[in-house]
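Engineer: Sequence:
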Amino acid sequence: MKKTAKVRHTKTVAAVLSAVLFLGLCGPAAGATAIAPEPDPGRLQRGELAGEGDVLAPPDVRPTCLPPLTEEQETLLERARWLVGELKEILRQASAYAARESWAQVEIELLDYVSTMVTLEKTLDAFVATVEEGRPFPVRRYLRPILQEVVSQAGDVADIWEVLPEANREPVKRAVEAAAEASDHPGFWRHLVRIVLRQVEPDPGARRERIQRALDRARQSLERTLERIEKIERHIASLEEKIKDCEDEARREKLKDLKQLAELDLAVCEARVERDEFAIRMFMEWLEELEG
7 MKKTAKVRHT
17 KTVAAVLSAV
27 LFLGLCGPAA
37 GATAIAPEPD
47 PGRLQRGELA
57 GEGDVLAPPD
67 VRPTCLPPLT
77 EEQETLLERA
87 RWLVGELKEI
97 LRQASAYAAR
107 ESWAQVEIEL
117 LDYVSTMVTL
127 EKTLDAFVAT
137 VEEGRPFPVR
147 RYLRPILQEV
157 VSQAGDVADI
167 WEVLPEANRE
177 PVKRAVEAAA
187 EASDHPGFWR
197 HLVRIVLRQV
207 EPDPGARRER
217 IQRALDRARQ
227 SLERTLERIE
237 KIERHIASLE
247 EKIKDCEDEA
257 RREKLKDLKQ
267 LAELDLAVCE
277 ARVERDEFAI
287 RMFMEWLEEL
297 EG
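Counting from 7, one number per residue, gives the positions in the sequence shown under our numbering.
Calculated directly from the structure, the hints in this document are not laboratory data. Predicted model only: the values in this text are computed from it and were never measured. The hints are all genuine.
Okay, the calculated beta carbon distance ranges per label pair:
| # | residue 1 | residue 2 | range |
| --- | --- | --- | --- |
| 1 | Asp222 | Thr125 | 29 to 35 Å |
| 2 | Asn174 | Glu239 | 34 to 40 Å |
| 3 | Leu296 | Glu138 | 54 to 60 Å |
| 4 | Glu246 | Glu176 | 50 to 56 Å |
| 5 | Arg141 | Ala273 | 53 to 59 Å |
| 6 | Asn174 | Ile249 | 45 to 51 Å |
| 7 | Leu267 | Leu296 | 42 to 48 Å |
| 8 | Leu293 | Ala256 | 54 to 60 Å |
| 9 | Glu246 | Ser158 | 42 to 48 Å |
| 10 | Glu92 | Ala243 | 32 to 38 Å |
Derived lysine-lysine pairs resembling DSSO-like cross-links, with alpha carbons at most 27 Å apart:
| # | residue 1 | residue 2 |
| --- | --- | --- |
| 11 | Lys128 | Lys179 |
| 12 | Lys248 | Lys265 |
| 13 | Lys128 | Lys94 |
| 14 | Lys237 | Lys248 |
| 15 | Lys248 | Lys260 |
| 16 | Lys248 | Lys262 |
| 17 | Lys260 | Lys237 |
| 18 | Lys250 | Lys265 |
| 19 | Lys250 | Lys237 |
| 20 | Lys237 | Lys265 |
| 21 | Lys250 | Lys262 |
| 22 | Lys260 | Lys250 |
| 23 | Lys237 | Lys262 |
| 24 | Lys94 | Lys179 |
For each residue, glycine too, the CB sits at the ideal point set by N, CA and C.
All chains should be built: construct the whole structure from the sequences, respecting the hints.
Structural biologist: And the structure:
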């Protein structure tokens with residue numbers, strides 16, 4: 007009996023999370039409404055509580071008071087948000103390698119992206135599993151912002167995928183297929199793939215827009231890095247003056263250590279400048295080819 011109950015609960019968790027993952031990304035009327043019934047606008051105006059069937063309420067009439075999370079739930083949500091940040095950083099690295107046409111490195115980064123996505127899926131699964139069956143709990147309200155952030159990265163994935171040679175695509179395709187096959191939510195993986203592929207258009211206008219977006223990002227990155235270099239150079243100059251005027255040996259050594267760290271930071275920034283300048287030249291060449 008215990009084993010049967012455990013299997014039933016696992017299936018329930020899988021079904022609920024699948025609804026959040028798939029339907030929750032497609033519109034405001036979707037999500038884990040079986041766990042957290044949504045309020046009816048008329049009832050809210052009359053001061054009544056929402057009923058079982060009120061699943062289509064728009065976002066602006068949802069209650070703003072969320073139930074407190076347990077320490078385990080807080081930890082899982084924080085980890086999920088951190089993983090989304092990792093996904094974003096992986097794509098940034100992949101874009102930099104793509105700008106240099108280092109396709110083997112791009113392939114490695116995309117494989118890491120798939121692996122991190124699997125970890126994120128398991129983390130969200132674990133969060134849903136903490137919810138007691140039969141207890142009203144707004145799962146979608148907590149998970150949807152995380153999943154929307156993941157979907158918002160589809161454009162960056164499409165930009166990389168479009169220029170990636172077919173030979174380097176194959177291992178990534180196999181990794182995604184394996185992840186979907188092993189997942190309790192294969193529909194989510196298929197949905198993400200469709201979102202990405204819809205943005206990989208052969209239309210020259212769509213391609214021009216994506217290249218222009220990538221060019222704008224590279225220019226913004228270059229501008230930020232140059233500003234940081236100016237600050238670091240001023241900081242190094244200030245440290246040199248302090249070292250020169252400092253008579254305390256211990257303090258002097260500490261200042262030298264700070265200067266060395268600043269110089270390392272400067273070297274990293276200079277490498278970023280070289281990367282961004284290369285990317286800008288490449289994207290501009292691609293735009294010129296499209297215009298030609």
